[in-house]
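Protein chains in written order, with our numbering: chain A, 1 to 396; chain B, 397 to 792; chain C, 793 to 1188.
Heads up, a few of these hints could be off.
Unchecked claim - Dumping the calculated DSBU-like pairs for lysine-lysine here, alpha-carbon to alpha-carbon at most 30 Å:
| id | chain 1 | residue 1 | chain 2 | residue 2 |
| --- | --- | --- | --- | --- |
| 1 | A | Lys-194 | B | Lys-590 |
| 2 | A | Lys-387 | B | Lys-783 |
| 3 | A | Lys-148 | C | Lys-1021 |
| 4 | B | Lys-625 | B | Lys-674 |
| 5 | C | Lys-1021 | B | Lys-461 |
| 6 | A | Lys-148 | A | Lys-65 |
| 7 | B | Lys-620 | C | Lys-857 |
| 8 | C | Lys-1148 | A | Lys-356 |
| 9 | C | Lys-1016 | C | Lys-857 |
| 10 | C | Lys-1021 | A | Lys-387 |
| 11 | C | Lys-986 | A | Lys-194 |
| 12 | A | Lys-65 | B | Lys-674 |
| 13 | C | Lys-986 | A | Lys-65 |
| 14 | A | Lys-65 | C | Lys-857 |
| 15 | A | Lys-356 | C | Lys-1179 |
| 16 | B | Lys-625 | C | Lys-1021 |
| 17 | A | Lys-194 | C | Lys-857 |
| 18 | B | Lys-620 | A | Lys-229 |
| 19 | A | Lys-224 | B | Lys-674 |
| 20 | B | Lys-783 | A | Lys-229 |
| 21 | C | Lys-857 | B | Lys-625 |
| 22 | B | Lys-752 | A | Lys-224 |
| 23 | B | Lys-590 | C | Lys-986 |
| 24 | A | Lys-387 | C | Lys-1016 |
Said to hold, decoys possible - If you want the ones that stay clear, here's a sample from chain C, every Cβ over 10 Å from chain A, calculated:
| id | residue |
| --- | --- |
| 25 | Trp-853 |
| 26 | Gln-912 |
| 27 | Ala-994 |
| 28 | Asp-1023 |
| 29 | Phe-1118 |
| 30 | Leu-1121 |
| 31 | Val-1150 |
| 32 | Arg-1178 |
Claimed, not checked - Covered by chain A, according to a simulated footprint, are these stretches of chain C (three or more residues, beta-carbon under 8 Å):
| id | stretch |
| --- | --- |
| 33 | 957-964 |
| 34 | 1001-1012 |
| 35 | 1126-1139 |
Hints were generated in silico from the structure; no laboratory data involved.
Cβ coordinates follow ideal geometry from the N, Cα and C atoms, glycine included.
One-letter residues, chain by chain:
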Amino acid sequence: MVSRKNEVNIMVKNSVDVIFGGLSYWIFGYAFSFGTDPGTNWFCGIGMFFTDSDDIENMGWIFAKFVFQASFATTATTIVSGAMAERTKLESYCLVSLFNTLIYCFPAHWVWAEEGIFFQMGAIDIAGAGAVHLVGGITGLIATIMLKPRRGRFDGSRSAEMSNPTNAILGMFMLWWGWLGFNCGSTFGISGGKWKLATRAAVTTLTASIGGGVTGIIGSRIVKPMGRKFDISFLNNGVLGGLVAITSLCALARPWEGLLIGTVGGLLAIFSPWAIEKMKIDDPVGVVGVHAVAAVWGLLSAGIFAEPDTIEAFNDRRGLIYGGGFELLGIQLLMSVTIIVWTALSSYLLLYIVDKSVGLRCSVEHEILGADIVEHGINNTTQEERKNISREFASL
Amino acid sequence: MVSRKNEVNIMVKNSVDVIFGGLSYWIFGYAFSFGTDPGTNWFCGIGMFFTDSDDIENMGWIFAKFVFQASFATTATTIVSGAMAERTKLESYCLVSLFNTLIYCFPAHWVWAEEGIFFQMGAIDIAGAGAVHLVGGITGLIATIMLKPRRGRFDGSRSAEMSNPTNAILGMFMLWWGWLGFNCGSTFGISGGKWKLATRAAVTTLTASIGGGVTGIIGSRIVKPMGRKFDISFLNNGVLGGLVAITSLCALARPWEGLLIGTVGGLLAIFSPWAIEKMKIDDPVGVVGVHAVAAVWGLLSAGIFAEPDTIEAFNDRRGLIYGGGFELLGIQLLMSVTIIVWTALSSYLLLYIVDKSVGLRCSVEHEILGADIVEHGINNTTQEERKNISREFASL
Amino acid sequence: MVSRKNEVNIMVKNSVDVIFGGLSYWIFGYAFSFGTDPGTNWFCGIGMFFTDSDDIENMGWIFAKFVFQASFATTATTIVSGAMAERTKLESYCLVSLFNTLIYCFPAHWVWAEEGIFFQMGAIDIAGAGAVHLVGGITGLIATIMLKPRRGRFDGSRSAEMSNPTNAILGMFMLWWGWLGFNCGSTFGISGGKWKLATRAAVTTLTASIGGGVTGIIGSRIVKPMGRKFDISFLNNGVLGGLVAITSLCALARPWEGLLIGTVGGLLAIFSPWAIEKMKIDDPVGVVGVHAVAAVWGLLSAGIFAEPDTIEAFNDRRGLIYGGGFELLGIQLLMSVTIIVWTALSSYLLLYIVDKSVGLRCSVEHEILGADIVEHGINNTTQEERKNISREFASL
Chain A
1 MVSRKNEVNI MVKNSVDVIF GGLSYWIFGY AFSFGTDPGT NWFCGIGMFF
51 TDSDDIENMG WIFAKFVFQA SFATTATTIV SGAMAERTKL ESYCLVSLFN
101 TLIYCFPAHW VWAEEGIFFQ MGAIDIAGAG AVHLVGGITG LIATIMLKPR
151 RGRFDGSRSA EMSNPTNAIL GMFMLWWGWL GFNCGSTFGI SGGKWKLATR
201 AAVTTLTASI GGGVTGIIGS RIVKPMGRKF DISFLNNGVL GGLVAITSLC
251 ALARPWEGLL IGTVGGLLAI FSPWAIEKMK IDDPVGVVGV HAVAAVWGLL
301 SAGIFAEPDT IEAFNDRRGL IYGGGFELLG IQLLMSVTII VWTALSSYLL
351 LYIVDKSVGL RCSVEHEILG ADIVEHGINN TTQEERKNIS REFASL
Chain B
397 MVSRKNEVNI MVKNSVDVIF GGLSYWIFGY AFSFGTDPGT NWFCGIGMFF
447 TDSDDIENMG WIFAKFVFQA SFATTATTIV SGAMAERTKL ESYCLVSLFN
497 TLIYCFPAHW VWAEEGIFFQ MGAIDIAGAG AVHLVGGITG LIATIMLKPR
547 RGRFDGSRSA EMSNPTNAIL GMFMLWWGWL GFNCGSTFGI SGGKWKLATR
597 AAVTTLTASI GGGVTGIIGS RIVKPMGRKF DISFLNNGVL GGLVAITSLC
647 ALARPWEGLL IGTVGGLLAI FSPWAIEKMK IDDPVGVVGV HAVAAVWGLL
697 SAGIFAEPDT IEAFNDRRGL IYGGGFELLG IQLLMSVTII VWTALSSYLL
747 LYIVDKSVGL RCSVEHEILG ADIVEHGINN TTQEERKNIS REFASL
Chain C
793 MVSRKNEVNI MVKNSVDVIF GGLSYWIFGY AFSFGTDPGT NWFCGIGMFF
843 TDSDDIENMG WIFAKFVFQA SFATTATTIV SGAMAERTKL ESYCLVSLFN
893 TLIYCFPAHW VWAEEGIFFQ MGAIDIAGAG AVHLVGGITG LIATIMLKPR
943 RGRFDGSRSA EMSNPTNAIL GMFMLWWGWL GFNCGSTFGI SGGKWKLATR
993 AAVTTLTASI GGGVTGIIGS RIVKPMGRKF DISFLNNGVL GGLVAITSLC
1043 ALARPWEGLL IGTVGGLLAI FSPWAIEKMK IDDPVGVVGV HAVAAVWGLL
1093 SAGIFAEPDT IEAFNDRRGL IYGGGFELLG IQLLMSVTII VWTALSSYLL
1143 LYIVDKSVGL RCSVEHEILG ADIVEHGINN TTQEERKNIS REFASL
C-alpha cells in the first residue's frame, strides 16, 4: 500500500507496535483497562500493573485475557501506523506506540470492564468496533491531519496508488481469517467458554465480509473508479469495512443481519475515501473510512439489530427493529461520540507533545529518499524509482 | 504459477471464490447438502436455506458445521480458478463462483449427509477427496477444455513456466498446514469431538505428504524434466498429490498406509501432467493431476486399506487387504465414477450457459495485455515483459 | 536473508527438512526419543519405530505427541539450513536432513523422556532451548565451519547483506506467533491439559520477545551498525534471541523474568555475530548467535529463576535467586555442555561422512551462478545481478 521506498519501514513500525505497545500494555495498559483493585471506577481500572498472577484459581483466565487484550491494544496502534505512513520519524513512532496505550486503555475499560460506564449502561461492543477500530481510526485521522499530507499528494504530482496490490490482497486474506478468530475469541472472553456464541460470531463475520465483498466488487463494476472495472481498493475496503462493521454485534447478530451490516459497512468504507480526499486529508491506506466510519455504523447497527441473548444472557436489551425503541441506539450513539471526542482530544495531546519534543515529521529530503534508505540503510528501489527520486530533488 | 501480468487477477478470483461462492453456499448450498427437512432424499437435502438457527441446543453444531463446510465449498471453487487462469473474464468468473455451488452441493450430500446415497452404502470419503477435490478437479478439466488453451501454449512460443516459484512453494507450505487442520477437523465433524481419530488423521496426513514429497524430489532427480535436477513443480505436485490422496481415508489409515497412499498419489500428480500435455489440454497450474487423478486414487485406496473403526464405529467395512474383498472397493469406484460423470455434465452445462450469455474467454488483446492491467488498471510488468507484449501485438 | 539467486533453493531446503527429516523421525527418531520398550535407558528410548498405535486408550496422546515432536525435530533441522545456505548441494542436504534426526533424537530423550538422564536430574527445558535450539545452533556452527565461508565473504568483495529485508521481517512475525503456539503447546505436552501453565507461557513468551525487541531497536539506535539508525538484523536477532532464551523456562517464569531473560537473550543474539565475524566464521543468517548463544543463556536462566510449580508439580527445584543455591544452575550448565559436546561431535561425524561420500559444497561455478538456476532451472535475477555474476566469472 505504501511506496516501495518505505516498505521495510512500515513493517518495522508494525513490529514496534507489538514491542513498545506491548511493553506499555503490560506495564499499565491492562491495569487501567481491567484492574479491579480499590479505586477502580467508571472511568478506569486500577491494579495488575506489570501484569502477573500468583492466584492459582484465576491465573489462567487472567493470563489468557491479557494476551488476547494485548493483541487488541496492538491492533489499535497498528491501525494508526497506516495513517502515519511515509513521513513519520521512527523515533517518534516508537514514542507514539508506547503511549498510544494511554489513549486506548480507557475506552476498553468503559466498554468491557464490569465497572466501565458503557458496560454499566448495557452498551454492546462485543469485539471492539468502538474500543479498537474507532479508537484506532480516529487516532489515525488526527495523526494524518497533524502530519499534513505527503509531499505532492494534492498538487497532482503524485497519485494515491498502491505499490503492491498482490500484498494488499494477501494482507486482506490474513486479516479476514484473523478476524474470524478475534470475533469468535471475543465471545469466549465474555462468556467463559460458551462456544455456541462463538460459532454464531463466525457465521455472521463470514456473511458480513461477503456483504462487504459483493459491495466492493459490484460497486467498482458500476462506478469504475479511474476507469477500472475491478478496483483492488474497492474490494479490500469493502471486505474490511464489512468486517469492522460486524465487530460490534458479531455473536448476537443473525446471519442475514450480518450480511446487511457488512454490506452497509462496505459501502461506507468504499465511498468515504472520496469525501476524505475532497477535504485534502491524506489517508495513505484508507484507515479512516474502514476503521472509523464503518465502526460507527457497526456500533449503531447494534442499536438496531440487537436481541436478548438466550444462551448466556450477556445482553438483555432489544434494538430498534425488535421493539427496543431508540434506547439502545441512543446508548450506542453516545458511546460512539464519547469515544470519538476522547480519542481526538487525547491523541491530539499525545501527538502534540511528541511533535514539540522529538518532532513527528521527517525532513523533506528524507521523505523523498524514503525511510528504508534513511532509517534502515536499505535500498530496494528500481532504476525507475531512483530516477524519480533524483527528479524530485532537482525540483526542490 | 501464473504470469506476472495476471498475478493480481488470480488473487482477486480467490477472493471472489469466498465472496460469491460463500454467498450461494449460505443461500442454498448448505440447504441442498445438509438440510434435513421433509423432502430430503438420497440425492439432495432440503431445509436451512439462508442458514440460520434459533435452536439453542443445536445452534453451535450447525454454525460450526456451516463454517467448516463453507470452507470446503470455497476450496472446490478455488481449485477451478487455477484451471481457468489467464484467459477468463472476471464477470463470468463471478457467475461461475456463484453457481459452482450447484455442482458441489449434491456430491457433498451423497457422501456426507445421513440420507445421502453413498453414505448409505458405507462409502468412505472422510475429508473430501471425492466431494471436494474430484469435483473441483473435474470442473477444472471441463473448464480448461471449454476455454481452450492459452494463446501460443502449444505452438512452442510459450512455455508452461511458473512466474514465481518462491510464492508457489510458500503456497504449498500454507496448503500443507491448512490440510492438517482440515483433515483433523473432518474427523471432529463426523464423530462429535473424538479427538483421537483427529490425531491419527494428523499423522497419516503428515506421512502421506512425506511420501508424496520424497517421490517428487527423487522423481525429479531421476527424470530431470527439462534438464532440471530438482524441478519445483515435481516437489509441489508430489506433496499436494500425496495430501489429496490421503484425504479420503485420513483418520482411518495407519501411518505406513498414509506413506504408501501419499507416495502413489504423488507419483500420479507428478506424471499425469505429461499425459494431459500430450492431449493438448492446457492446465496452467496442474489442477487435473493433483486434484482429479490423485483424488480417484485416494477414493480407491480407501477401498483397499479401510479397517473397521473401533473407537467411534463410524466405519464397519474392511478394505481389500483386510479381508473385505472387492465390495468396498467397488463402492468407492462407483462413487468416483458417479462424481466424475455428475461433475462433468453439470459443469459443462453451467459453463455453457455462462459462455453463451456473458462469454467466458476474454479477447485476444486482453489476454496479451494481461488481466491485471485490463481489469484492475494495475501494471506490474517489467520492461522485458512489456517488450514481449509489444512483440505479441505485432505478431497478431 | 540469502541472495536472490538462492531464494527458491532455501525454500526447497525447508521443504526437505519436513519431508526427509519427517521421514526419519517417523522411522526411528520418535523411537529413540520417546520409545518405552524394554531396553530404554538414560541415553535412548527403544520402541515405536515406524510410529503407529493400536492402543485405543493412548493412541490419541501418542499421535498428538508425535506430530508435535516431529515439528520440533524439523525445526532443529531448519535451523541448520540457514547456516549451510548458498553453498551446499541439495543432494547432500537431503542426506543431512534425513540423518540430522540421529543428532537430534538423543538430546530430546535426555531432556524430555522419563528415563532420560537430565529429566532424572530435574533439569528444566520446557520447550526446547537445549533440545531444539542449542542442537540446531551447534550443528549449524559445525556445518558452516566445515563448509568454509561463502566466496569472497571475508576479502571485502561481499558484504553480509540481507537480500530481502521485507521477507526477513515477515518471517520474524511468523516465527513470533508460531513460538507462542510452541511454548504454550509444550506445557500441554508435559502436564496433560493444564492450560493455566500454557497461558503463563504465552505471557512470558510475549514479554521476552518485547525485551529482545526493545534491546534490538534501542541497541541499533545507540550502536548505529554501519551507520544505520535502525538495523533490521538488530531487530530480528533481538526478538528471536529473546524468544530462544525464554524457551527453557517459559511456563514457569514470571512475566518480569521473561522480560529480563528476553532482554539478555536479545543482547547476546545481537552482539555475538560480531565475535563470530571476527573469527572469520561465515554464518549467513545469524544462526549461531540466535540459536546457540541465546539458548545457553536460556538454559542457565532456568537455573537462576526457577520456582517450584504449585499447579502441576512438574518442577520442585528452586533457582539461584529463590534460595536453591547453585545446584539447579549446575545441572543446567552440565546439560548445556553435554548437548554442545554431543552435537559438535555427532554433527561433525555426519557431515564428514556426507562430505567424503557425496560432497557437501557445490562447485565455484555453481556458487557464482546460484542454486536457483543450477539446481532448479529458475532464473530470478535482475540485470544488475546478472552483471555481477559475469564479473565474478571474469575474475575467476
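Requested in this report: Against the earlier hints, flag every one the structure doesn't satisfy and list their numbers going up.
Outcome: 5, 6, 7, 8, 9, 12, 15, 16, 18, 19, 21, 27, 28 and 35
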